[in-house]
Amino acid sequence: MLFRQFGALAAAGAITAALAVPAAAQTYFRGSDGDPETLDQHKTSTVVEANLLRDLYEGLVVYDSKAQIIPGVAESWEVSEDGLVYTFTLRQDAKWSNGDPVTAGDFVYSLKRIQNPETAAKYASILYPIKNAEAINSGEAEVDTLGVKAVDDYTLEITLEQPTPYFVELLQHQTALPVHPASVEEHGTDFVQPENMVSNGAYTLESFVPNDKIVLVKNDAFREADQVQIARVEVLPFEDRATCVRRFEANEVHSCSDLPGEQIERLKETLGDKVHIAPYLGVYYYGINTKKEHLSDPNVRQALSMVIDREFLADEIFSGTMVPAYSWVPPGIGNYTEDAPQFEYADMSMLDREDEALRLMEEAGYGPDNPLKIEISYNTSENHKNAATAIADMWATLGVETTFNVRDASAHYAMLRDEKVHDVARAGWIGDYSDPQNFLFLNESHNTGFNYGNYENPEYDALMDKAAAETDLAARAEILAEAEAVFLRDVPQIPLLYYSSRSLVSDKLQGWEDNIQNAHATRWMSIVE
Amino acid sequence: MLSYALKRLLGAVPTLFFIITAAFFLMRVAPGGPFDQERTLEPSVMANLNATFGLDEPLHVQYWMYLKNLAQGDMGPSFVYRDFKVHELLGSGLPVSIQLGLSALVLAFVVGAMLGCIAALRQNSWVDYLVISVATFGITVPNFVVAPVLALIFAIWLNLLPAGGWENWSLQHMLLPVVTLALPQVAVIARLIRGAMIEALRSDHVRTARAYGLPTRRIVVYHALRAASLPAVTYLGPAAAALLTGSIVVEQIFGIPGIGRYFVQGALNRDYTLVMGTVIIVAVFVVLFNLLVDLAYAALDPRVRYD
Amino acid sequence: MTDQTALSLDQEAPARPSRSLWATAFMRLKRNALAMISLAVLVLYVIAGIIGPEVTNHHYAEVYPEFVKVPASLEGYPRADEIPDLAESALARARLDLGQITVDGDTIRVEASSSREIDPRVTRYLDRSDLFSNSRIAETSADGTSVVMESDVERLHFYFGTDANGRDLLARTLISVRVSLMIGALATGVALIIGVLYGATAGFIGGRVDNLMMRIVDVLYSLPFIFFVILLVVFFGRNVVLMFIAVGAVEWLDMARIVRGQTLSLKNREFVQAAEALGVRSSGILKRHIIPNTLGPVIIYMTLLIPKVILLESFLSFLGLGVQEPLTSLGVLISEGAKNMRGDAYMLFFPAATLTLLLFALNFLGDGLRDALDPKDR
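Respectively, the protein sequence lines represent chains A, B and C.
Everything in the first sequence is counted per our numbering, starting at 530 for the first residue and increasing by one.
Everything in the second sequence is counted per our numbering, starting at 20 for the first residue and increasing by one.
Everything in the third sequence is counted per our numbering, starting at 76 for the first residue and increasing by one.
This is chain A alone, in the form it adopts within the complex (with noise of 0.2 Å):
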């Protein structure tokens, strides 16, 4: 009884899927890494929304299928001689879904909104550069003096704090998508609700289940809707690489956004060039704590970034996915010079460096009597757990005692954020835009939110405000150059590896270009059969 009913409705459930084939063909099916935590553009911090809200909406600039910035909604943009004032042009033809124009208030009244302490938006300060942005959300100025003005419909004009020459590329940043005005009035936060949702990308919002699927339909309204092959998207959140991979094999997703580490080797083999890794923008390192004292001195540090042999790492932990890093800076990275500083051990053999390191020990007073104990914190993590054990076995050589200790992400980064309590802390951090300056704040002595060295140099300071001045860029990249030797010189934090980006992607999705910034918009895709 019991099993013929499996067989009756098992066949009921083939004859379902056989006749969704036909519609199948237009949906892309897409593996994501997780659920949003919000499709609200001035909430949104993560990755994953970043993805969605590329095809809900379009900026004033949007990135093309090899993340180059392209026009988006502003056909055109004007900078003043002093690098402050931007005026944008926008297209007139630019729709909301509903068929309200976008217009430079609509741009005004996002840009306002996102610094609006009530909004509480997770990543306001990426668009600090913004005149007042900083003060408005921190409650120090109000509202409507932030440097936003709509001139007139199809006119806006934005007036920057201090020159910045990676602004536009900001621009294309979710946080500086915008909002349709009458939605959020009316439904306040639940605009972002299905029902509720105007947008103005390739893609409107069709439903939202969570932990199950977003689907995403195509925008008649979008002013190149007759370019959007791609009909319908159903993003599948996976929290476990794994299941994304299973469902890939068994045909039922076109792509999956991360891979497990564990299968790289395998997937490589067997699915040969649907495997996509690629360079991006983003360093995996090791922050040393250099207000303890038995790590304060620059050259125990420099001993111990010397002996870590990264090729091992990049190759043998993380399976080829990742590659080795003798800098801060990727390289890749827009605004930055030819020659970029690194490591000058970068050429030696490990065995140089390793007797070398063993010299800059001893010389610190570190030997087989008195060993060096070190405890590095991670958070949890099959990947961040080898990586640990493995540096630590390298650390060896140099007689140093590692212990490990393990948080949760969470209790991680609140250790290194509040009470620094750490000796070596793994930390990584991915670039929100292509420009050095987003890689070496991180370690200016007042950022005490990543300053994860707790570095403290007035001269890199100094070479970092000096940059922040210089509107010319070759000579801005020069400055930065230098500070980044600085840091290589004192390495309060040691970079270890340069993330890539790693993908699968079905023959049947075409249009997916790997690059720097791992965006791929639907818009850019098609799928054959």
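Read the hints as simulated data drawn from the structure, not as lab findings.
Quantities reported herein were computed from a predicted structural model and do not represent experimental measurements.
Errors might be hidden in some of the hints.
[Stated by the list, open to error] Not the full set, but computed from the structure, chain C residues with beta-carbon under 8 Å of chain B:
1) L317
2) L386
3) T431
[Stated by the list, open to error] Quick list of in silico lysine-lysine cross-link-like pairs, DSS-like style, CA-CA up to 30 Å:
4) A:K797 x C:K144
5) A:K747 x A:K595
6) A:K747 x A:K624
7) A:K803 x C:K144
8) B:K87 x A:K747
9) A:K641 x B:K104
Glycine included, C-beta positions come from ideal geometry on N, C-alpha and C.
Keeping the supplied structure of chain A fixed, place chains B and C upon it in accordance with the hints.
Just chains B and C now, kept in the frame of chain A:
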């Protein structure tokens, strides 16, 4: 019986209160907060967030506010999933979890009872040993091993079933997770039924029935099974709790939108309200379920009376 | 419950209640082959857990960078045909032009030349690898630009293969047996102490105190305890001792109920009443008469509780909340293995087989004990 049930339900109120209080303060003792993540936030931003969610108030004020809102049926907004209220998240996940859990429980019971009976009827034969060994195997292999193996075989190699995902009451999507979830319970239930059945078969009334020459099947189904299912019914409570734990794993591996992973994710993210909501839902569920089990017990065993 | 009341019928001589009980039980147990095999297996596990990690050929924390994720094999690593490649890669950073590499039994000869004079330290590239030892320069040409190096080749045996860091899985499995058994035993111990004391007290005092105490147990029953365990572990770090306590604190409730039921029926027995009449104090009666007599069902329950605890620990490991490095547990190894199942099945197989066998033994021993202590059966 009704007044007994009411009394039990009333008695659950202090229990719930205790649970809520314990969970609330336990959450807050934990290091880190809902806004501590890989990207540290600017102090000004953090201050805005804390003010928005009332985290800048003293703890006892927050506790009192929470209780007050809860009394009005409001579990508050999720701290991490900011577009949702906790009751919305749980509301969308709970039906799925119940579907999954109940199906697994039924399957475990049916299969477990069948296996248990077979083993008992052939006590100490090779059939008995085989059944019990297979059943024991079900307990000894962790479900996070069983789940991917099943998905590998049935979804990737044989391509018969989906590797994950969920559609309401779609048997295809339910089969693998339900089997994974039921497997360890099958084992326990089979063993319980076997033991009780052996005893029941020796009892006087079954012997009498045998003496009258009734067919074995009839004796097993009508006389012995009723008595033998008592310990298994008692086990329902712990089984439900075990399913809850199991569902955390199964939901994660098969990508099922239930509430199981809200707890783990919520705890890791310090999503205070979401964890509280999950704890409350589960506690209510356990209380109700235990009551049902006791009532079922009374119905099955004429010697038990609740007044 | 029925088992326990039945058990108490088995008391014969009130003065020495436990001895005869145990003697009979053990006789019964000896007749049960499966249970005896399980007992033997269990003893083996305990021995393996205690001395295993000390006698294996590799330490459980030793990293072999050349042998990351090598499959299980009875043959030594490196395989003979791999040696030249390994020597080459060991020397790759020396930037020499490598000539012929010959393997002769357990020694290797490497010819190398360079445009510059070769630093004699170069042999350390070979020594640095775990495979080669005692590397030396056998010949040097007159101008010093070409050398012949000789080195002894070490053969390493990884019978269970190695993990993602290149650590011996056999050694790690053995240490994990130790840790898992310890967790099982300690958590069960905590549950035992709390449960027995609580249950015996409630049952012995009886009346309103009993009612109240059992009421508390009922309240605790409805707590979603697994959640509390997760919370505790998340909050207070991966402290192994804390984990035992947390798990023990979850599992004592059943124990308390069993012991209470047992105590209630014992309380009215002649030998207890006799002791009372003789003026023995309550605590004395509890210690001398009640608790020893509840041990039968408690032991059965323990053999079932240990596997439960071990599985609970493996569940926590799956969530990434397991034991801290460099220690490991069966749960941690299995959850690592499950992730590597597709490419490196041996990483799952050995720990999983180890756990399965252990749990089988515990389960069958539990069954055997139940049968042995239950006079109605057989």
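For each hint, the structure was consulted:
1. Among the interface hints, the one on L317 of chain C is violated; its C-beta lies about 14 Å from the nearest C-beta in chain B, farther than the 8 Å criterion.
2. Contact between L386 of chain C and chain B, as hinted, is supported at the beta carbon level, the nearest pair being about 6 Å apart and thus within 8 Å.
3. With a cut of 8 Å, the hint placing T431 of chain C at the interface with chain B holds, because the nearest CB-to-CB distance is about 4 Å.
4. With a C-alpha separation of about 16 Å, the suggested pair K797 of chain A and K144 of chain C falls inside the 30 Å cut-off, and the hint holds.
5. Taken as a hint, the K747 of chain A and K595 of chain A pair is honoured in the structure, with Cα atoms around 22 Å apart against an allowance of 30 Å.
6. For the hint linking K747 of chain A to K624 of chain A, the alpha-carbon distance of about 14 Å falls within 30 Å, and the restraint holds.
7. Between K803 of chain A and K144 of chain C the CA atoms are separated by roughly 24 Å; this keeps the pair inside 30 Å, and the hint holds.
8. Between K87 of chain B and K747 of chain A the alpha-carbon distance is near 44 Å, which puts this suggested pair outside the 30 Å criterion.
9. A distance of roughly 25 Å separates the Cα atoms of K641 of chain A and K104 of chain B; the hinted pair therefore holds under the 30 Å criterion.
In terms of the numbered hints stated before, the structure departs from hints 1, 8, listed from lowest to highest.
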